[in-house]
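There are 2 protein chains.
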Amino acid sequence: MPALSGTTIGFIGLGLMGRPMALHLHRAGATVVVCNRSQTVVDALVAQGLQAAATPREVAARTDTVILMLPDTPSVETVLFGADGVLAGLRPGALVIDMGTTAVLATREFGRRVREAGGDYLDAPVSGGQVGAEEATLTIMVGGSDAAVVRARPLLAVLGSRLTHVGELGAGQVAKAANQVIVGLTIGAVAEGLALAQRAGVDPVRVREALVGGFAASRILELHGERMVSGRFAPGGRATVQHKDMSQALELAQALGLELPATALNRELYARLIALGEGGLDHSALYRLITGAAGTPAEGAGR
Amino acid sequence: MPALSGTTIGFIGLGLMGRPMALHLHRAGATVVVCNRSQTVVDALVAQGLQAAATPREVAARTDTVILMLPDTPSVETVLFGADGVLAGLRPGALVIDMGTTAVLATREFGRRVREAGGDYLDAPVSGGQVGAEEATLTIMVGGSDAAVVRARPLLAVLGSRLTHVGELGAGQVAKAANQVIVGLTIGAVAEGLALAQRAGVDPVRVREALVGGFAASRILELHGERMVSGRFAPGGRATVQHKDMSQALELAQALGLELPATALNRELYARLIALGEGGLDHSALYRLITGAAGTPAEGAGR
Chain D
1 MPALSGTTIG FIGLGLMGRP MALHLHRAGA TVVVCNRSQT VVDALVAQGL QAAATPREVA
61 ARTDTVILML PDTPSVETVL FGADGVLAGL RPGALVIDMG TTAVLATREF GRRVREAGGD
121 YLDAPVSGGQ VGAEEATLTI MVGGSDAAVV RARPLLAVLG SRLTHVGELG AGQVAKAANQ
181 VIVGLTIGAV AEGLALAQRA GVDPVRVREA LVGGFAASRI LELHGERMVS GRFAPGGRAT
241 VQHKDMSQAL ELAQALGLEL PATALNRELY ARLIALGEGG LDHSALYRLI TGAAGTPAEG
301 AGR
Chain E
304 MPALSGTTIG FIGLGLMGRP MALHLHRAGA TVVVCNRSQT VVDALVAQGL QAAATPREVA
364 ARTDTVILML PDTPSVETVL FGADGVLAGL RPGALVIDMG TTAVLATREF GRRVREAGGD
424 YLDAPVSGGQ VGAEEATLTI MVGGSDAAVV RARPLLAVLG SRLTHVGELG AGQVAKAANQ
484 VIVGLTIGAV AEGLALAQRA GVDPVRVREA LVGGFAASRI LELHGERMVS GRFAPGGRAT
544 VQHKDMSQAL ELAQALGLEL PATALNRELY ARLIALGEGG LDHSALYRLI TGAAGTPAEG
604 AGR
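Residue numbers (the working numbering), protein chains in the order written: chain D, 1 to 303; chain E, 304 to 606.
Okay, chain D solo, but in the shape it has when bound (with noise of 0.2 Å):
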């Protein structure tokens, strides 16, 4: 018998990374209930068996579970919390798991009204991408009670290939935060290193070939570094997620009182880099601000 068999689960959200979850979700056997802003994208879905709602409120109305997988916090207000949201129609002890990137303190807040209202809440954001998303190997950092993960276990078990409960309420989102205020000043670091290398004359292919055995190593040193020294910098990430992320980030330790003083330096060069017009580029290309050639047409394939 396939995995989810038996279950529902309500899912709202399908961009890049919601739509191929979804799938994998109905392919373990779970009865899945979609609502998408885009009438199409659903079509699509239905066609390969899914079931579609009108409104949030109807996905939560026939679902057991309502996963979300939203751009941004205020989407997630919106949908939890609006005329026809998830609440309206909340089922008495069903579960909401937010897998999007959501601000902390937000996502304590929204999990205190969603258990008022008798149902259960966990935060549950990812790092992996559409490629992880559509391999289900995605990395999954989990926030809630314990009866809630274990709960939630088996459909997350569907869509990654390692979970960590990190804590209570909004720890997953925390450790949301901490990955992507590692990657942004990794990917700087990585930049700042081969532009050395670049601009003393030195290939910066064989450099990042010497680095990769030894303590500079790093995942992204493999991946955007490899960008960076063959100049394909089309998406990925984009620059001007990255820089949201670290806003968000600021904005937690600014609220925490806590100086970052490197993440304000990383978003700061990350804005002049959109300032000239390089924000639809993979977060890689801070590279390009940092030799110089940002705002200058790019070399080679990948804008």
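You may find that some hints are simply not true.
Claimed, not checked - One-sided excerpt, in silico: chain D residues whose CB lies under 8 Å from chain E:
no.: 1; residue: A210
no.: 2; residue: G213
no.: 3; residue: G214
no.: 4; residue: A249
To be clear, the hints were calculated from the coordinates, so they are not data collected in a lab.
Every residue gets a Cβ at the ideal spot worked out from N, C-alpha and C, and that includes glycine.
Place chain E on chain D using the hints.
Using the frame of chain D, we list chain E on its own:
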């Protein structure tokens, strides 16, 4: 027959790295001639079968290859060109290999002068620290001519597990500078990410675990991240050395007209850590600066 039978190698600079390296060459069958400022160290090595010389000049006069493993650029200059220096005793066609971390522009100049005197020159700085030197698992980044690299390869293979011929004279030092920039900035990245988690009331141990499988994965997150979350800051690589490395990289960048804003900030953060009296701790202690713990008594062991 041992790999280096019949070869004569001079070794100057017998610190924590140099001592085990000289011993590895001896055990591989080379006749190794050493000299050092501290005679105690020389005596200990002579007891193990190595040969002593009184001056760098004498080392050079008795060997075909001279390896330098010295703490800084001025020491290299003195050992090469001072009275009783290597150049004064250099055999025709002898190869000088600088395996320390030396400034790039000085390296190019030193190599030129050794070549003019009838020798050849390689810069071959390493990554991997004392443990890498002891276990002969160093990563070696080499700059110089193909012919010199071919000649040096058998003896470098005794010292390290990974050798990359990066480019012409100085290219090894450029790669090392890039390495140090990336290491320092990645430590800063992990420090700010984990500090954010800690301040948000989430266990940084769990956050680090959640992140190890994703895009934020790095040797630094693995090794130095572990030091941060467990509070073990006995060096390892000292904060004062990281500060010096960042300064050296910034001097090179400035000479090339390249701005490295994150590296400049990182140097300043290390300067603040040192000013708070923590320069003797491991470079991962940058975490203590970001969390606000620097300058207060360190928790747990490891001071």
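Here's how the hints hold up against the structure:
no.: 1; hint: A210; in the structure: holds (4 Å)
no.: 2; hint: G213; in the structure: holds (5 Å)
no.: 3; hint: G214; in the structure: holds (4 Å)
no.: 4; hint: A249; in the structure: holds (6 Å)
This entry satisfies every hint, going by the numbered hints stated previously.
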